[in-house]
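A.B. asks: Both chains come to you apart, so use the hints to assemble them.
Here is what each chain is made of, one letter per residue.
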Amino acid sequence: MPGLGTSFGRGAMTTSFWDIPNADVVVFMGSNAAENHPISFKWFLRAKQKGAKIIVVDPRFTRTASKADMWLPFRSGSDIAVLGGLINYAITHNKIHRDYVVKYTNASLLVNPNFKFEEGLFSGWDAQTKKYNQATWSFQTGPDGALLRDDTLTNPATVYQHIKRIYGEYTSERVSEISGISVEDFNKFAEIVTSTGQAGKSAVFAYAMGWTQHTKGVQNIRCSTLLQMLLGNVGVPGGGIAALRGHANVQGATDLAVLYHDLPGYLGQPTEAHKTLAEFLDKTTTKQSYWINKPKFMVSLLKAWYGKAATKANDFAYDYIPKMAGNATYSHYDIFQSVLDGKVEGLLCMGQNPAVGSANAKKVHAALAKLKWLVHVDLFDNETGEFWKLDGMDASAIDTEIFFLPAAGPLEKEGSFTNSHRLLQWKHKAIEPLGESRSDGWYINELGKRLKKLYASSTAAKDAPIRDLVWEYDHPEHPDDFDHLKVLKEINGYDMTTGKPVAGFGALKDDGTTACGCWIYSGVYPEEGVNKADARKRGAPNREDGWTEAKKDGSADYLHLGWAFAWPANRRILYNRASADPQGKTWGKVPLVWWDDAGKKWAGCDVPDMLPVEPGKVHAAGVPGDTPFIMKAQGMGGIWGPLADGPLPVHYEPVESPIQNPLYKQSTVPNARTFGSEHDKFGTTAEFPYVVTTYRLTEHQTSGVMTRTLGFLAEAFARPFVEISRELAQEQGIRNGGLVEVSSARGKVKVQAMVTNRVKPLKMGAKLVHVIGLPIHWGPKSGHVQGDIANTLTPQAIDVNVQIQESKVFLGNVKKA
Amino acid sequence: MGRTATLAAWRPDPGNPKQQVAMLVDTTECIGCKACEVACKQWNQNEYRINQELGTYQSHPSLDAQTWTLIKFIEREDEDGVNQWLMQKHNCMHCSEAGCVTACPTDALHYGDYGVVTLDQEKCIGCAYCEPACPFDAIHVDKSAFRQTAQKAGKCTLCFDRISNAMQPACVSTCPTDCIKYGDRGELLKWAYARVEQLKAMGYANANVYGDKELGGLHELYVLLEKPEVYGLPVNPTLSKRLTFWKYGLQPVGKAILGAALFGMVINWFAARRTFKGGHGPGEEAEAPASLHD
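Residue numbers (this note's numbering), protein chains in the order written: chain A, 5 to 821; chain B, 983 to 1276.
Hints in this document: simulated from the structure, not taken from any laboratory. Any given hint could turn out to be false.
As the list claims (entries may be wrong) - Some residues of chain B that are not near chain A, with every Cβ distance over 10 Å (derived):
#1 P1117
#2 S1155
#3 T1159
#4 L1221
What the hints assert, rightly or not - Result set (DSS-like, lysine-lysine): computed pairs, CA atoms no more than 27 Å apart in a straight line:
#5 K504(A) / K312(A)
#6 K54(A) / K1172(B)
#7 K168(A) / K120(A)
#8 K1172(B) / K192(A)
#9 K1209(B) / K54(A)
#10 K621(A) / K604(A)
#11 K1105(B) / K1209(B)
#12 K168(A) / K99(A)
#13 K457(A) / K327(A)
#14 K52(A) / K1209(B)
#15 K291(A) / K120(A)
#16 K513(A) / K685(A)
#17 K316(A) / K279(A)
#18 K593(A) / K52(A)
#19 K1125(B) / K57(A)
#20 K52(A) / K1172(B)
#21 K433(A) / K327(A)
#22 K312(A) / K291(A)
#23 K120(A) / K135(A)
#24 K54(A) / K1182(B)
#25 K327(A) / K168(A)
#26 K54(A) / K621(A)
#27 K1000(B) / K1172(B)
#28 K1105(B) / K52(A)
#29 K685(A) / K134(A)
#30 K54(A) / K513(A)
#31 K57(A) / K1105(B)
What the hints assert, rightly or not - With the C-beta cut set under 10 Å, the calculated list includes, among others, these residues of chain A facing chain B:
#32 F408
#33 S559
#34 V759
We treat Cβ as the ideally placed atom computed from N, Cα and C, and that holds for glycine.
If we strip away everything but chain B, and leave its shape as in the complex, we get (with noise of 0.2 Å):
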């Protein structure tokens, strides 16, 4: 099955940011040309970098902040020892239950509009703290002397600048074989299992959706051949208790205590005020709860 009709000239509503936008890889098609990782590279304008694995045909070892989408190749033997060679674009999926939000400390990434997890690159101050917390590591903090500016996380964003400009995402529009497809969630999701349907049917037994369920349902779905632990994809991924209790139940009290302290702060400048008259304002100060993240 091809893009569909309905989904070549789908665009989101550009009055409804709750609609939910997904992109959808029938890994069935997918022949691992890489077009996408070019054409990925070319539209977010970032660095190539020379780092392939010996004996693989794979261009990276792994995505990284530079490197948003790849195509993962996986050599293998099925039960009756017939060759396999899966190819699978990876990139972040955009989670509905996100770890790189739960562990972002100063809100750089957080839920945007269709169901994209948007990462604001002037509010990540480079901690990394989201790279474990991906169970997909799709997300990642240039470490090495590639860059020569600040270090900041990088990761797929589905091309959040194309999609709210009535354009699809470049990897999208550029795959040969028409097997990502982007639109509607919930038509991709239709779509997936009828194609889940059709695959069965052609003898493929192990062929499923992935994507629907997984982390409140995830914007990247799969349609895959064999069993998503065969392409390393966590089977049932959940988030680190800690990592939710962390962000939603220790950083708002932390957040409430700093709050406090400021307000106690500005009473204290007022009642000060009104004692020494003339003292100086504790304008430095407030800056310095930033340090709660070191």
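Next comes chain A alone, as it looks inside the complex (with noise of 0.2 Å):
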């Protein structure tokens, strides 16, 4: 999550499902939240009762749009065009909220006078190695270091006037043209977000794997949290930028680092340039800001993996830590593109389903196929795990060892999930797993257990963090089984003398005295035995329907915190500092947090996201109490936010785009990844003239494997289709129901036609544009109901920051079959 990380100080959805409420303008862009999590959405309906007008913009006519007051089909892609726009329409209307501007983000901080923006390219650019040095996007500082700041933001320099400058040719015109939105619409649209930019006014922006899913993806989330900075709406009742997470436990998974670039907690991933624990912690810790703890957090987890092996004579054992090598990166795709390669010969399969599930679908297969052994756990036999069978494979050629070990279910293990809202919740084992079926935890302390054993005797220096790695999780009762709270309370942290659990992160040292495995999940297990995740005390109902909403007097527990946990400190609406003025009053319609004179502290009816100090001093730490984002420097919201693609977000063209850029020369984003793999093909207009976008429905899972194989959910979504306007059809000559075969420059499938007028053709300025959607849930082998791999037809075209694919939009053709 860099986008909101890098804006914001944390990687997570800033509010509370039960926040939402409050808000009075809700944004669907790139979520389609009644499909893809439709326990949320009761939240938001709950906010169109209380009177907020819902604005979907998506491609298609969605079940979210079916509830909105306002949709607004565009080009997949375009999202940054669109957010630009309204962060031009704010400023040009004037309808920023000025004081928040001001006081709580970097607006007004003066930027290099080398910085330059021109042709689609930030100063810097190296064409050679396609990448940017990042010397030009640095700020101003005076002779004593300070930061140099215009609070009139008229200075030139400012970030202010720099955004001013580069979204003021994101005309409604100009939009319009990009997107497909006609300008009325988008002027109708940009009236309603932006009456927002008022103290009292709110609005939150709902988005999901339509925001992130392309090579852009970080930046469009970034262009977002610019705009909310703008409008005042982060941090507040009603405000925010909703994530909502692509499964159950994504953000648990993001937390915990289940992913190469960092360690839990966030605290980033060392590379080769970083020699020592020292060295790692000076270049990657946020100075004046909340982060100057970072020491803490970090000897506290090589505390917690190599415990008394991890020394300060020795670093903590930093040199255990693998180190990324320069500009390699590790991500899911790279994987396959290694064992293409001949760098990987093994995979260990845990829960996923890539034969199906991940883009350019053929590619993964010939990958599978290289493999030398494949371990397989999943609920069920699947594509990938019967890869050899699928079309275009020689089994006879093939030599891959699969070894399939069977997985428990969701009601058959215990363990916590940490959902979109950052909220950890524990659930206990309903039924007992089927017949030799074991917990991924299971498998995964097994799989330690082994290890150490294999190596235990080994005296190599390379095998020492294997035989120093702490691996006691094992169930004092059940010699089969691992004891989850043991797990719990690692990731709580301890103290290394007297092995009591810490009540929260505040307690952790860097001197080696304590340890913790995630020091965001601190204060989850306070004390032995008692879970937090596990508490279920909701405020009391104020409302007659039932429910509990907000107070004027703050008197309310509508955020219910006495309900599970929530990452960090039970807080559950995270810069909630900013719901008072820089003097700490209450300046929304509600209040969150305030300062408490006579006590002299934070109070509010959330946990306050705030360091003790007391407005118009200073703490230790180098935040100020007149500003909310801890996380970041001085406490100001990031507009301004170097990432590996530029400081500021701004329009490119997807990989496959129908049109070249009409902004800036460059037209798509200089350092988007591809692959050089025989696989990785790219088309153009002429073969492929339509805009695919793709999607996953209510009633299937990802790849199908956890649905499609019951009875109940194959009836309710039994067949892949493709949603086509009825003008497509009509020009191709397309009936409601009929067969048809949709290309992209990877591959073809075939599918059913879904003609309707909930997909529209869109006006481009004197260009029309053809939008197809395609769902992604079907495989030919596993459950009641198969169908054609969607993924089949997508790229494996990375965005740069965090590798995830554009999946979302790509060029493809559709024909009667």
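C.D. replies: Written out as structure tokens, the structure is:
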């Protein structure tokens, strides 16, 4: 989540679902919550009951759009043009929340005078290495090293003037030409959204995979954070960015860093350049923010992993942690490329069906066929476990040895989910696993134990990280299982001497006396036997309807502080200090957090997301009591935020696009990544004239392995289809329900046509562009219902910041089959 | 409006079977997720059937003997050409004057406690008279080869097994937006009319309540965004006079004649016994009139 992290300091949804009813405007863009997050949708409907305007910006009229006040069909991939247009509208119509912008963000800081943005490229671009040198993206400092600022926002070097200039080109007419939204509709939309650019009004933006799965996924999100900061909508009741996660526990997986580029709790991942712990901490710690405590979190993590073997003398076993090599990336797509390149020979695939679920499926199949071994842990055998049976595979030429291990289902295992609003909720096992099935945790625990046994007698230095690894999770009463609470306790952190859990991350130390597996979760298990993720105390209902709403006197526990545990420190709304003005007085319609002058502390109906410092004073960490973003330098929200592809989000066309970028000579993200394998083909409009977007449905879960296998869900949506407009159907002579062939440069699939008025051709200036929609849930082998793999068509064109694929937009064709 | 606090906790009075319960679907908050369909099949242990029509989100073309609730997806444009996608949960309406009860020759279908139209599977002979008699196409007899067992009618029971045990119907308890409500019929109607007022104030001029007066009052109520006909719901449905005459005119007469005939036979039996001592009893003959229903 570098998008949200760069802007606000933490890579997570800023708000709580329970706060959504406070919104005046709800914008779904890149999200189809009614279909993909139906449980959350109740809160959006409650916002509507309370008078909020619901706006859906989506190429398709979805089930979410069916409940909205306004639907704006637009071309997938033009999100930044639309959001940039809103920024321009807010600035030119003087709709920004000026106090918020000046006091709470870095808009008033002066940027390096050598910074330039020309023809779609920021200064520092090196065409040879395809990388930016970010030296000119810095802030100006005075002789004392202090950041220079201009609170009148008029100095042309201010961040504010830069965005005013850059988004000045994003006029309503330009937006219309790029996105296909009519000028009239766009202005109506902009008027509603920017009406919240004042104290007491708020808008919330909900996004999901519709924003992330682009070569500019991170910048899509960044652009919305800019707009929300300009409107003063972050950290206030009914505001924020609702980052709706793709699976039940994606937030948890990210927090615990089941990713290559991070350590648990967003501590970053050392590279070869970080030779020592001190060097790593020095180079990767944000100064003048709460991050100055990072050494405590990092040392505690190393103690949790390596225990007694991690000592001050050996840099707390920092050497044991793998370091990333130079420019190397180790993402999902790099793995398959590495298999094809012969660098990786085995794959452990747990709860995943990449043969159906990953972009450019044929390439994935080719990679699977090159593996020496594949361990496949799943509820059901599926297309990945049986890849050698797929179309185009020659089983006689494949030597892959496949081990299938049966996994326990969600109801057959204990543990926690961390959902979109950062809430850790514990669940208990409902039934025993079927037959020999085991939970993923069991497999991991056994793997750890057996690896340790295997290397126990080794004296080689390279094996030390395994020998010294602390791995004591066995259940005291059930010898064939592990103790989930032991894992939770390690995540929470404990005192190395007493062995007792720590109360929260404030108790962590950098001297090796505490251990903590993921500092942001600290406090979830504050005492032996107390599992706050399992707490179930809800706020008292105060409405006839049976739910709890915010009250003007701040008395209602509408954020249900006693229900489960939200990281960090049980805060429900991040940056909630912004709900009060710089002096600490509530400026929203309902109070959230305020400065209690009598008690000399921050108080509120949420846990204050603030350091203990009075407005007007500066905390020892360097964060003033006036600014809310404590994880950012001096508490300032990052409107300016350097990332690998620029300090500001600007519109680029997708890698496969029907048009050249109308704004800049540089048409696409300059450093978007593609792979050069024989499977990585890209098409042009001559052959593939239509814009294709892929998506999910309520009825199925990703590659369908958990849903196509269940009769009641298989019958709920039986066949793969493609949604096309009536106009395109007429052009191509396609009738509703007819069989069609959808193709891209990567391949083709046969599906049923769903001819509908819920998809419309887009008028982009003089040009008419057709958009077609393709769900991804079907595969040819597993389940009661089967179909062609939609991901055969999607490209492996990936974002430079997080290596996510551009499966939301590519070029394709559709013809009667 | 969500499920009201009082409604969420509401349970019928076990001592008062005359109490009228109902389900109310606020279609304006239905997101077409089909969780109700799944919960219904799971609770009732019905079979899945993969018979989705092409080119629609709707899971089945209609209700059937195994599919007791179904979300209908209606795609249209309103008068101003603005897209509308209406979703309406469809199942047995539990009418106060029910066509199926009227048509049923064996009284397998009857008016049960709490206003629920109850189907007694033991008594059902699979004649399917109920099918055309239902104005809502909500009861069906399995005529396909899906089932190996005897043909029986099937329809929503309003989860009578659950509600008579102080539980909510399965669909109600699973609905993620709380758009399906369950409670005292009078209370639900009050809620529904208030909701319609709220919708009108929000600019939905055609919002209306369906089920209040139809067929003596339905026990499945709707808050609709558009007029009932848009959803394919019958406007002012009535039962056919011939059907009511058959059930309440002809059948009682038929049964009276049957009763008289039986009575005559019993008299005859006694008379005969007196006449021919040791004669055999006419036990089997008593079952013969069942052929009336063929």
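A.B. asks: Take the hints in turn and mark each one as holding or not.
C.D. replies: Hint check results:
Non-interface call for P1117(B) relative to chain A: holds, since the shortest CB-CB distance, roughly 26 Å, exceeds 10 Å. Distance to chain A confirms S1155(B) as a non-interface residue, since its nearest Cβ pair spans about 14 Å, more than 10 Å. Interface exclusion of T1159(B) from chain A breaks down, the closest Cβ pair being 5 Å apart, not more than 10 Å. For L1221(B), the non-interface assignment is confirmed: its Cβ lies about 33 Å from the closest Cβ of chain A, beyond the 10 Å cut-off.
A threshold of 27 Å between alpha carbons decides the hint, and for K504(A) with K312(A) the separation of about 16 Å falls inside it, so the pair holds. Straight-line distance between C-alpha atoms of K54(A) and K1172(B) comes to about 20 Å, which keeps the hinted pair within the 27 Å bound. Between K168(A) and K120(A), the direct Cα distance comes to roughly 14 Å. Compliance with the 27 Å bound is thereby established for this hinted pair. Restraint check for K1172(B) and K192(A): not satisfied, since their Cα atoms lie roughly 36 Å apart, outside the 27 Å limit.
A threshold of 27 Å between alpha carbons decides the hint, and for K1209(B) with K54(A) the separation of about 25 Å falls inside it, so the pair holds. Straight-line distance between C-alpha atoms of K621(A) and K604(A) comes to about 12 Å, which keeps the hinted pair within the 27 Å bound. Proximity of K1105(B) to K1209(B) is assessed by CA-CA distance (about 38 Å); at most 27 Å being required, the pair is judged violated. For the hint linking K168(A) to K99(A), the alpha-carbon distance of about 13 Å falls within 27 Å, and the restraint holds.
Restraint check for K457(A) and K327(A): satisfied, since their Cα atoms lie roughly 25 Å apart, inside the 27 Å limit. The suggested pairing of K52(A) with K1209(B) holds, with an alpha-carbon distance near 22 Å, which does not exceed 27 Å. Our distance criterion of 27 Å between C-alpha atoms is met by K291(A) and K120(A), whose separation comes to about 26 Å. Between K513(A) and K685(A) the alpha-carbon distance is near 52 Å, which puts this suggested pair outside the 27 Å criterion.
With a C-alpha separation of about 16 Å, the suggested pairing of K316(A) with K279(A) holds against the 27 Å cut-off. Restraint check for K593(A) and K52(A): satisfied, since their Cα atoms lie roughly 17 Å apart, inside the 27 Å limit. Our distance criterion of 27 Å between C-alpha atoms is broken by K1125(B) and K57(A), whose separation comes to about 48 Å. Proximity of K52(A) to K1172(B) is assessed by CA-CA distance (about 21 Å); at most 27 Å being required, the pair is judged to hold.
Taken as a hint, the K433(A) and K327(A) pair is broken in the structure, with Cα atoms around 37 Å apart against an allowance of 27 Å. Note on K312(A) and K291(A): the hinted pairing is violated, with a Cα-Cα distance of about 30 Å set against a maximum of 27 Å. Distance hint between K120(A) and K135(A) is fulfilled; the C-alpha atoms sit about 16 Å from each other, no more than 27 Å. Between K54(A) and K1182(B) the CA atoms are separated by roughly 14 Å; this keeps the pair inside 27 Å, and the hint holds.
Our distance criterion of 27 Å between C-alpha atoms is broken by K327(A) and K168(A), whose separation comes to about 40 Å. For the given pair, K54(A) sits about 38 Å from K621(A) by alpha-carbon distance, which is inconsistent with the 27 Å threshold. With a C-alpha separation of about 20 Å, the suggested pair K1000(B) and K1172(B) falls inside the 27 Å cut-off, and the hint holds. Taking the CA atoms of K1105(B) and K52(A), the gap is about 48 Å. The hint is violated against a cut of 27 Å.
Restraint check for K685(A) and K134(A): the C-alpha separation of about 20 Å stays at or below 27 Å, so the hint holds. Annotation: proposed proximity of K54(A) to K513(A) is violated, straight-line Cα distance about 46 Å (limit 27 Å). Restraint check for K57(A) and K1105(B): the C-alpha separation of about 53 Å exceeds 27 Å, so the hint is violated. At a threshold of 10 Å, the smallest CB-CB gap from F408(A) to chain B is about 26 Å, leaving the interface hint violated.
Taking 10 Å as the C-beta cut-off, the interface hint given for S559(A) is violated, the closest approach to chain B being about 18 Å. Satisfaction of the interface hint for V759(A) is found here, the shortest Cβ-Cβ separation to chain B being roughly 7 Å, below the 10 Å cut-off.
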